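Novice: Start from chain A and add chain B according to the hints.
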Amino acid sequence: MTVGVSFNQLSEEEKMQHFLDRINAGEKIEPDDWMPEDYRLQLIRLISMHGISEIMGALPEKEWVPKAPSLHRKLAIMAKVQDEMGHGQLLLRVAEDLMAPLGKTRHDIMEDLFSGKLKFHNVFHMDAPTWGDAGIIAWLVDGAAIISQSMMLDSSYGPYARALKRICAEEVFHAQHGESIILAMAEGSPEQRQMLQDALNRWWESLIMFFGPKSAKETGNSNADKNIMYKIRTKTNEDLRQEFFTKYIPRIWSLGLTIPDDTIRFDEETQMWIYKDADWSKFKQIVSGNGPQSQNRLDLRRRSYKNNEWVREALAAKKAI
Amino acid sequence: MTQETLKPQEKAALIELLYQMGDDDFILSFRGSEWLGLAPHIEEDVAFSSISQDMMGHANLYYRLLEDLGEGEADRIAHLRTPDQFRNAIILEEVNGPGTYLKEPEYDWAFAVVRNYFYAVHKQIRLDSLRHSSYEPLAEAARKIMTEQYYHLMHWEVWFKQLMTSTDEAIGRMNAAVEKVWRDFGGVLTLGPSYADIVKANFIDDEAVMKKRWTNKFEAVLKEVGAAYPGEPRMERGNGRNGVHTDDLKQALSTLSEVYATNPATGW
Numbered sequence: 000m001t002v003g004v005s006f007n008q009l010s011e012e013e014k015m016q017h018f019l020d021r022i023n024a025g026e027k028i029e030p031d032d033w034m035p036e037d038y039r040l041q042l043i044r045l046i047s048m049h050g051i052s053e054i055m056g057a058l059p060e061k062e063w064v065p066k067a068p069s070l071h072r073k074l075a076i077m078a079k080v081q082d083e084m085g086h087g088q089l090l091l092r093v094a095e096d097l098m099a100p101l102g103k104t105r106h107d108i109m110e111d112l113f114s115g116k117l118k119f120h121n122v123f124h125m126d127a128p129t130w131g132d133a134g135i136i137a138w139l140v141d142g143a144a145i146i147s148q149s150m151m152l153d154s155s156y157g158p159y160a161r162a163l164k165r166i167c168a169e170e171v172f173h174a175q176h177g178e179s180i181i182l183a184m185a186e187g188s189p190e191q192r193q194m195l196q197d198a199l200n201r202w203w204e205s206l207i208m209f210f211g212p213k214s215a216k217e218t219g220n221s222n223a224d225k226n227i228m229y230k231i232r233t234k235t236n237e238d239l240r241q242e243f244f245t246k247y248i249p250r251i252w253s254l255g256l257t258i259p260d261d262t263i264r265f266d267e268e269t270q271m272w273i274y275k276d277a278d279w280s281k282f283k284q285i286v287s288g289n290g291p292q293s294q295n296r297l298d299l300r301r302r303s304y305k306n307n308e309w310v311r312e313a314l315a316a317k318k319a320i
Numbered sequence: 000m001t002q003e004t005l006k007p008q009e010k011a012a013l014i015e016l017l018y019q020m021g022d023d024d025f026i027l028s029f030r031g032s033e034w035l036g037l038a039p040h041i042e043e044d045v046a047f048s049s050i051s052q053d054m055m056g057h058a059n060l061y062y063r064l065l066e067d068l069g070e071g072e073a074d075r076i077a078h079l080r081t082p083d084q085f086r087n088a089i090i091l092e093e094v095n096g097p098g099t100y101l102k103e104p105e106y107d108w109a110f111a112v113v114r115n116y117f118y119a120v121h122k123q124i125r126l127d128s129l130r131h132s133s134y135e136p137l138a139e140a141a142r143k144i145m146t147e148q149y150y151h152l153m154h155w156e157v158w159f160k161q162l163m164t165s166t167d168e169a170i171g172r173m174n175a176a177v178e179k180v181w182r183d184f185g186g187v188l189t190l191g192p193s194y195a196d197i198v199k200a201n202f203i204d205d206e207a208v209m210k211k212r213w214t215n216k217f218e219a220v221l222k223e224v225g226a227a228y229p230g231e232p233r234m235e236r237g238n239g240r241n242g243v244h245t246d247d248l249k250q251a252l253s254t255l256s257e258v259y260a261t262n263p264a265t266g267w
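Chain order of the listed sequences is A and B.
Heads up: the first sequence begins at 0 in numbering that gives the first Met the number 0, then just goes up one per residue.
Heads up: the second sequence begins at 0 in numbering that gives the first Met the number 0, then just goes up one per residue.
Looking at chain A on its own, in the form it has when it is part of the complex (with noise of 0.2 Å):
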């Protein structure tokens, strides 16, 4: 932009040039600064459907937070499922700043989560019904949190990219409470190790679901692509999945547990895995409210906004004295 010229008086495509010429120069998008419309939606899209899900995923943990099995890691899990209600906030506090201009508010995310409208991750609508699964949750799915949090650590959206170091810092350590309940388990009695054993049968597909499928072609969807352009991410859904093989299948292999794919492979040649893919239209199904923990887990939430409705028309009140 030529120094003494408004930014106000370039034409749309002018400030989408200069918008480009930013982030392809590695600038950090601000709340406040000019980004298309179509950015700001898809960074509402990623950001609300990242938050809720952080506040959705501590519903499955939050069984075991009384039933883990000494105060150690009763003490351990409580701090962590306070972290991802911690993320969850965070992250709504900067899809809220990107949805004031719109008009909308938090009121607007929770009615859409309820509605069904708002998504969220796939792992968070299966069951988990040992504590194996706890640590399988903490170990597995916090481990390839991990691994897709971490390329947008550079997101062109700044307020984003600064979450985001702070949730992978605290990642890190859930990743290794659950690494710790899962050796103690490996290491325990048979009845452990097949409590582990199963629990890993249980999520080894969501797993693979966690990263999203492999191209447009699969769901007719391409936010993936879309967010590459604009620097949101990085990486396709694939990579991120074969970076969470080469980091995990030899870790679980290490301790003795079989993965539920018997193809499951490294192929020299390629230098990709090769395994079983997901049933795609099975995760469409879960996504859009129909896993087997979805309407429970969602009737937590709708039940305790109606039972606070007074506590926030109460908070919203003048004070009396």
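Rather than coming from a laboratory, the hints here were simulated on the basis of the structure.
Quick caveat, the model's predicted, so the values are computed rather than measured.
Errors might be hidden in some of the hints.
Stated by the list, open to error - Quick list of the computed label-pair ranges, beta carbon to beta carbon:
no.: 1; chain 1: A; residue 1: LYS246; chain 2: B; residue 2: THR265; range: 27 to 33 Å
no.: 2; chain 1: A; residue 1: ILE273; chain 2: B; residue 2: GLU257; range: 55 to 61 Å
no.: 3; chain 1: A; residue 1: GLY25; chain 2: B; residue 2: LYS216; range: 56 to 62 Å
no.: 4; chain 1: A; residue 1: GLN193; chain 2: B; residue 2: GLY242; range: 35 to 41 Å
no.: 5; chain 1: B; residue 1: THR261; chain 2: A; residue 2: ILE273; range: 36 to 42 Å
no.: 6; chain 1: B; residue 1: ASN201; chain 2: A; residue 2: LYS164; range: 47 to 53 Å
no.: 7; chain 1: B; residue 1: GLU257; chain 2: A; residue 2: PRO189; range: 18 to 24 Å
To be verified - A few chain B residues that don't get close to chain A, going by computed Cβ distances all over 10 Å:
no.: 8; residue: ASP74
no.: 9; residue: GLU147
no.: 10; residue: TYR149
no.: 11; residue: ARG172
no.: 12; residue: THR189
no.: 13; residue: VAL198
Claimed, not checked - Here are some chain B residues pointing at chain A (derived, C-beta under 10 Å):
no.: 14; residue: LYS102
no.: 15; residue: PRO104
no.: 16; residue: ALA251
Yeah, the Cβ is synthetic: ideal placement off N, Cα and C, and Gly gets one too.
Specialist: Using the frame of chain A, we list chain B on its own:
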């Protein structure tokens, strides 16, 4: 006093006191953790879960002191005692409302605020006294706990005063919760059957003195928010310090020990 210089009668009294305080924090922390994801807003979910975590840490500190006194491993203390061996006050074990923490919870935020605030005030008074406890390890634990307790008390005080002075509906619900908690809060304010030995050894101040501090505070607070002072806090359902409890404690303990009890001998 240290572990080595305690006389048998003093040691028995100290153990009673530690069970009371450890169990109070343990059980109320559990009730707090049941609220996770159900609080009135996300900021409160973050704050409340942090408080519950702190309180579990405080219970752990007391249980470690018991471990040092030969009561067995802290994990066994927390997970393997029967309900009649627990020494927490009855009001702290009461369920948060109808339903369970996983299914159809109809939890009452007014009850949560009132119970936690009343308890936080008492805990502060207790800790102020314990700082000068004759048992040095306990005084040290109290000083540690106080740094966190300061924020808990502030948190619940803000909620209490705000809800007691806002909409008619909030005031009505809060007053009902005050009435409910008052009926059993006397159970928190007592040191139980070993009271005389506990006080004689200077582990903590006389229960009558601490109770007076609590009632003085609430006469002032209730006046400030325009509510009537309901008189002496009562103990209608019995004294938890004697091992008297309700089915709510039984249910809580079976949840808390569900996994540990399957195999206490193994590592988890």
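Novice: For each hint, tell me whether it holds in the structure or not.
Specialist: Structure-based check of all given hints:
1. A:LYS246 to B:THR265: 27 to 33 Å: holds (29 Å)
2. A:ILE273 to B:GLU257: 55 to 61 Å: violated (40 Å)
3. A:GLY25 to B:LYS216: 56 to 62 Å: Since GLY25 (chain A) and LYS216 (chain B) have Cβ atoms about 57 Å apart, the given range 56 to 62 Å holds.
4. A:GLN193 to B:GLY242: 35 to 41 Å: holds (38 Å)
5. B:THR261 to A:ILE273: 36 to 42 Å: Given range 36 to 42 Å: holds, Cβ gap about 39 Å.
6. B:ASN201 to A:LYS164: 47 to 53 Å: Check passed, 51 Å falls within 47 to 53 Å.
7. B:GLU257 to A:PRO189: 18 to 24 Å: About 20 Å separates the Cβ atoms of GLU257 (chain B) and PRO189 (chain A), which means 18 to 24 Å holds.
8. ASP74: violated (5 Å)
9. GLU147: Non-interface label stands for GLU147 (chain B): nearest chain A Cβ at 13 Å, farther than 10 Å.
10. TYR149: Correct as stated: the minimum Cβ-Cβ distance to chain A is 19 Å, above 10 Å.
11. ARG172: violated (7 Å)
12. THR189: With a cut-off of 10 Å, THR189 (chain B) remains clear of chain A, as the shortest Cβ separation is near 26 Å.
13. VAL198: holds (29 Å)
14. LYS102: holds (8 Å)
15. PRO104: Status holds, d = 7 Å.
16. ALA251: Because about 8 Å separates ALA251 (chain B) from the closest Cβ in chain A, which is inside the 10 Å limit, the hint holds.
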